[in-house]
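J.: Listed below are the residues making up each chain.
Number of protein chains: 2
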Amino acid sequence: MSDKFARRMGTVHRSFIREILKVTADPEIISFAGGLPNPELFPVSAMDTASREVFAEIGASALQYSTTEGDVGLRSIISKRYAKRGLDVDPSSILVTTGSQQILDIFAKVFLDKGDKVVIERPGYLGAIQAFSIFEPEFVTVSLEDDGPNLEELEAAFKDGAKCFYAVPNFQNPSGVSYSLEKRKAVAALLDKYDILFVEDDPYGELRFMGEDLPNVYSFCNKSSILCGSFSKIAAPGFRIGWLVVKEKEIYDKLVIAKQASDLHTSTVAQAIMRRYLETNDIEAHVDLIRERYGRQRQVMVEMIAKYFPAEVTITEPEGGMFLWATMPEGVSAMDLFDIAIKEKVAFVPGRPFYVDDSGENTLRLNFSNSDEAKIAEGIERLGNTIKEFLK
Amino acid sequence: MSDKFARRMGTVHRSFIREILKVTADPEIISFAGGLPNPELFPVSAMDTASREVFAEIGASALQYSTTEGDVGLRSIISKRYAKRGLDVDPSSILVTTGSQQILDIFAKVFLDKGDKVVIERPGYLGAIQAFSIFEPEFVTVSLEDDGPNLEELEAAFKDGAKCFYAVPNFQNPSGVSYSLEKRKAVAALLDKYDILFVEDDPYGELRFMGEDLPNVYSFCNKSSILCGSFSKIAAPGFRIGWLVVKEKEIYDKLVIAKQASDLHTSTVAQAIMRRYLETNDIEAHVDLIRERYGRQRQVMVEMIAKYFPAEVTITEPEGGMFLWATMPEGVSAMDLFDIAIKEKVAFVPGRPFYVDDSGENTLRLNFSNSDEAKIAEGIERLGNTIKEFLK
Chain A
28 MSDKFARRMG TVHRSFIREI LKVTADPEII SFAGGLPNPE LFPVSAMDTA SREVFAEIGA
88 SALQYSTTEG DVGLRSIISK RYAKRGLDVD PSSILVTTGS QQILDIFAKV FLDKGDKVVI
148 ERPGYLGAIQ AFSIFEPEFV TVSLEDDGPN LEELEAAFKD GAKCFYAVPN FQNPSGVSYS
208 LEKRKAVAAL LDKYDILFVE DDPYGELRFM GEDLPNVYSF CNKSSILCGS FSKIAAPGFR
268 IGWLVVKEKE IYDKLVIAKQ ASDLHTSTVA QAIMRRYLET NDIEAHVDLI RERYGRQRQV
328 MVEMIAKYFP AEVTITEPEG GMFLWATMPE GVSAMDLFDI AIKEKVAFVP GRPFYVDDSG
388 ENTLRLNFSN SDEAKIAEGI ERLGNTIKEF LK
Chain B
28 MSDKFARRMG TVHRSFIREI LKVTADPEII SFAGGLPNPE LFPVSAMDTA SREVFAEIGA
88 SALQYSTTEG DVGLRSIISK RYAKRGLDVD PSSILVTTGS QQILDIFAKV FLDKGDKVVI
148 ERPGYLGAIQ AFSIFEPEFV TVSLEDDGPN LEELEAAFKD GAKCFYAVPN FQNPSGVSYS
208 LEKRKAVAAL LDKYDILFVE DDPYGELRFM GEDLPNVYSF CNKSSILCGS FSKIAAPGFR
268 IGWLVVKEKE IYDKLVIAKQ ASDLHTSTVA QAIMRRYLET NDIEAHVDLI RERYGRQRQV
328 MVEMIAKYFP AEVTITEPEG GMFLWATMPE GVSAMDLFDI AIKEKVAFVP GRPFYVDDSG
388 ENTLRLNFSN SDEAKIAEGI ERLGNTIKEF LK
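Sequence lines, in order, name chains A and B. Position in the first sequence (from 1) plus 27 gives the number in my numbering. Position in the second sequence (from 1) plus 27 gives the number in my numbering.
Worth double-checking, as some hints may not be accurate.
All copies of an identical chain are treated as equivalent in the list; a pair is satisfied when it fits inside any one copy or across any two copies.
Said to hold, decoys possible - With a Cα cut of at most 20 Å, we get these calculated SDA-like pairs of lysine to any residue: (1) Lys111 to Arg318; (2) Lys402 to Leu418; (3) Lys186 to Asp30; (4) Lys144 to Arg35; (5) Lys334 to Leu305; (6) Lys49 to Ser88; (7) Lys334 to Glu180; (8) Lys31 to Lys186; (9) Lys141 to Met36; (10) Lys49 to Pro118; (11) Lys31 to Asp143; (12) Lys49 to Arg35; (13) Lys334 to Glu306; (14) Lys190 to Leu68; (15) Lys276 to Asp30; (16) Lys220 to Asp30; (17) Lys250 to Ile367; (18) Lys274 to Ala52.
Rather than coming from a laboratory, the hints here were simulated on the basis of the structure. All values derive from a computational prediction rather than experimental measurement.
Could you put together the complete structure from these sequences and hints?
T.: Below, the structure written as structure tokens:
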């Protein structure tokens with residue numbers, strides 16, 4: 028059979044993280060491995076009401092085929108929310124997608140030829156690596172520092188014939204790192220200088236619980252760039268509703284074609300319920316609630332790490348998002364640690380899958396959004412003790 | 028900008044049909060152009076109830092991320108429905124997809140290298156041509172006769188190094204043609220003989236309103252084949268829920284990887300509501316209702332065509348599905364007819380986009396699912412008179 032598979036499938040692998048999640052399904056395990064929002068914060072009752080109203084008011088049309096571009100009212104709400112943040116985005120430049128994951132797929136369809144150089148952060152978002160890999164690009168990685176990418180490396184990569192740069196400038200998955208204002212501007216200037224396509228993935232941008240909100244890199248770009256958003260982290264991921272914003276109509280039209288070929292359009296019902304929810308609820312107040320809760324969870328995690336992790340393990344201290352990144356001394360393996368930690372009933376994601384060059388062996392990702400404060404305290408104590416034993 | 032697009036985008040075009048649908052939005056136009064189910068038959072109230080029950084009973088978990096493979100309960104129901112039709116399909120071999128359109132995309136990702144020979148029916152389903160085109164195959168077409176593909180042409184195509192065959196053996200879109208039992212067996216034998224991958228797209232199979240139900244070609248295949256199903260035509264398309272069935276685990280696993288890279292998973296909410304609907308309603312009775320209604324609509328269309336179309340226009344007489352196919356004398360253009368018909372306030376889809384070789388100029392597709400009997404009678408009279416005038 029395997030002789031029939033397309034060549035591209037040789038380089039694409041099942042998500043390692045999804046495999047790990049199966050191991051961590053044991054309810055006794057305190058898991059920092061997943062990347063899930065806290066379901067206690069899902070607006071279940073408001074969505075129930077929204078859904079009743081949709082069925083009562085628009086009925087059959089919520090169940091019919093709809094346009095590839097997406098619900099006009101939903102796109103208008105997305106546009107207004109950007110306006111509040113000072114970003115002028117016309118609804119006609121917004122394309123609703125089946126989660127923001129789909130943006131990576133259709134971007135790759137429209138832009139990536141085999142062998143094209145795609146610049147990503149090191150470590151980088153696994154879902155993007157997976158989606159792009161299907162189209163067989165060459166990945167070029169740039170170190171992520173505490174305030175964003177290393178600019179010399181970024182410029183060198185751009186100079187060396189890169190096609191595009193994919194980045195998560197706000198509270199990155201996996202590292203939790205955010206770009207400083209200076210680096211945002213510097214990145215935009217380099218993108219313009221070398222005329223590099225830019226995909227700014229921003230699922231976590233609204234989840235800032237300390238520090239000051241910063242403009243998207245997109246807002247500083249003059250040339251081709253795509254800004255990706257999602258309702259997964261501010262409302263609920265089960266709808267699979269994301270969106271992209273793009274400046275040029277020519278690019279928008281090509282992305283629509285690719286989306287049409289992929290799944291015709293995003294669920295009409297899901298879009299209708301989400302739109303109704305947004306029309307009749309205060310999403311900003313809801314996001315405040317998430318921010319407040321995740322902020323406390325992150326605080327407990329950082330404090331407990333300070334208390335229980337050995338000093339030679341360093342961590343990022345994210346100002347938002349859902350993840351924190353830990354680095355152990357060189358030469359030790361987070362995979363080996365994982366096997367021991369599972370026996371101690373605590374889980375995380377080893378960092379290596381986030382590196383396309385098989386480095387990062389000594390790193391790990393910790394999720395703080397999906398556990399309550401008590402679990403975080405207990406889990407980090409367990410993990411800290413396990414690491415101490417492991418590093419002896 | 029255009030220098031940045033991937034080479035593949037040169038061969039992929041925006042759906043011509045979707046463009047046509049914009050022209051036909053005028054409410055005075057009686058349109059047989061679309062491919063929509065009749066929204067009067069959507070189970071709005073049952074879906075409303077199902078959705079209330081989902082929010083009340085499983086709440087947050089219906090809004091969370093879920094598995095790429097799809098809801099276990101939903102897959103089990105799909106499996107049981109196949110069992111009733113005599114097809115033994117284990118739930119673990121079913122992958123839930125974002126509409127059956129997505130199957131075409133992930134199939135192409137997993138199997139199609141540039142230049143691979145993909146055999147399709149002539150005329151062929153436009154959505155498949157669009158989805159496959161992204162992966163730059165070479166299309167090889169086989170004439171569709173009244174009882175299925177021309178077997179000599181099919182064998183010649185298989186002999187000539189084809190990679191796969193994509194077909195819609197039940198009430199094909201666009202032609203309305205169904206394969207006879209003999210041709211189903213013969214096609215399966217040829218697929219086995221030449222070890223050709225097979226994708227059997229079956230969105231309309233349950234919509235038979237006359238004649239006898241026939242087994243899927245899939246049920247006669249021993250080698251690699253993928254059977255595609257959808258809730259779009261038997262429940263509602265707005266959920267975007269389709270599924271595929273495959274015999275080999277190795278293929279299943281690769282398709283899961285490709286699906287994961289495409290949109291992580293299909294909407295959890297949409298799957299939960301559909302599952303609940305299926306658990307608490309008699310879908311078979313509902314499908315009977317659709318069949319009965321579409322059967323009557325098709326009957327009116329065929330009768331009115333007999334009455335108003337000139338004798339030199341031939342049509343298929345489908346035993347199910349949503350479409351009927353008309354062929355005018357050689358040398359006339361359905362595109363020219365379209366421009367005149369629009370002025371007479373009646374619309375259809377010119378057949379040419381369904382041919383990859385730019386033939387089929389004299390053909391047209393007529394949809395009978397989306398108009399009531401009175402509209403069909405009036406629209407066909409208008410169209411018949413227009414054609415008579417046009418062919419003078």
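J.: Go through the copies and call it for Lys190 and Leu68: within, between, both or neither, with a Cα cutoff of 20 Å.
T.: neither (39 Å within a copy, 49 Å between copies)
J.: I want to check one pair: Lys49 and Arg35. Are their C-alpha atoms no more than 20 Å apart within a copy, between two copies, both, or neither?
T.: neither (26 Å within a copy, 37 Å between copies)
J.: Classify it for me, Lys334 with Glu306: is the Cα-Cα distance of at most 20 Å met within a copy, between copies, both or neither?
T.: Classified as neither: same-chain Cα gap 45 Å, cross-chain 51 Å, threshold 20 Å.
J.: Given identical chains, is Lys141 near Met36, meaning Cα to Cα at most 20 Å, within a copy, between copies, both, or neither?
T.: Classified as both: same-chain Cα gap 13 Å, cross-chain 13 Å, threshold 20 Å.
J.: At most 20 Å between CA atoms: does that hold for Lys31 and Lys186 within a copy, between copies, both, or neither?
T.: between (38 Å within a copy, 16 Å between copies)
J.: With 20 Å as the alpha-carbon cut-off, assign the pair Lys274 and Ala52 to within, between, both or neither.
T.: neither (43 Å within a copy, 28 Å between copies)
J.: When no copy is specified for Lys144 and Arg35, does a C-alpha distance of 20 Å or less occur within a copy, between copies, both, or neither?
T.: Result: close both inside a copy and across copies, 16 Å intra and 17 Å inter.
J.: Between the shortest in-copy and the shortest cross-copy C-alpha distance, which are at most 20 Å for Lys31 and Asp143: within, between, both, or neither?
T.: between (25 Å within a copy, 10 Å between copies)
J.: Reference check for the pair Lys49 and Ser88, CA-CA at most 20 Å: within, between, both, or neither?
T.: Cα proximity of Lys49 and Ser88: across copies only (17 Å, versus 39 Å in one copy).
J.: For the identical chains here, do Lys402 and Leu418 meet the 20 Å Cα criterion within one copy, between copies, both, or neither?
T.: For Lys402 and Leu418, neither the intra-copy (24 Å) nor the inter-copy (78 Å) Cα distance is at most 20 Å.
J.: Is it within, between, both, or neither for Lys276 and Asp30, if the alpha carbons may be no more than 20 Å apart?
T.: Cα proximity of Lys276 and Asp30: across copies only (15 Å, versus 41 Å in one copy).
J.: Using 20 Å as the alpha carbon limit, work out where Lys334 and Leu305 are close: within a copy, between copies, both or neither.
T.: neither (41 Å within a copy, 52 Å between copies)
Comparing the model with each numbered hint stated earlier shows that hints 2, 5, 7, 12, 13, 14, 17, 18 do not hold.
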